[in-house]
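In my numbering, the protein residues as written are 153 to 207.
Since the hints were made in silico from the structure, they are not lab data.
Among the hints, a few may not be true.
Unchecked claim - Label-pair ranges, simulated between beta-carbon atoms:
#1 204 / 175: 28 to 34 Å
#2 154 / 186: 32 to 38 Å
#3 204 / 172: 14 to 20 Å
#4 166 / 204: 14 to 20 Å
#5 205 / 163: 16 to 22 Å
In this text, a Cβ means the ideal position worked out from N, Cα and C, and glycines have one as well.
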Amino acid sequence: MESFFSRLKVELIYPMNYRTIEETRSGIFAYVEVFYNRKSQLSTNDGMSPVAFEE
């Protein structure tokens with residue numbers, strides 16, 4: 153989890169300038185559901201995304 157939150161902050165939170173809580177929620181949701189779970193290739197999952205690993 154520490155690694156996940158570190159990447160979330162570096163890749164999403166720090167570079168973005170969110171103006172509202174809703175923008176922040178939407179950005180985090182998209183990062184987790186679209187990018188992290190479906191596209192990111194994790195070394196702990198033999199180079200597969202979390203969704204591909206679960207399937």
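Worksheet item: Is 14 to 20 Å a correct range for the gap between the Cβ atoms of residue 166 and residue 204?
Response: violated (28 Å)
Practice prompt. May I ask you to test the hint 28 to 34 Å on the CB atoms belonging to residue 204 and residue 175?
Written response: holds (29 Å)
Worksheet item: Between residue 204 and residue 172, does the beta-carbon spacing fit 14 to 20 Å?
Response: violated (33 Å)
Practice prompt. Could you check the hint for me, namely that residue 205 and residue 163 are 16 to 22 Å apart, CB to CB?
Written response: With Cβ atoms ~20 Å apart, the hint holds.
Worksheet item: So the hint says 32 to 38 Å: do the beta-carbon atoms of residue 154 and residue 186 match that?
Response: violated (22 Å)
Against the hints set out earlier in the document, violations occur for numbers 2, 3 and 4.
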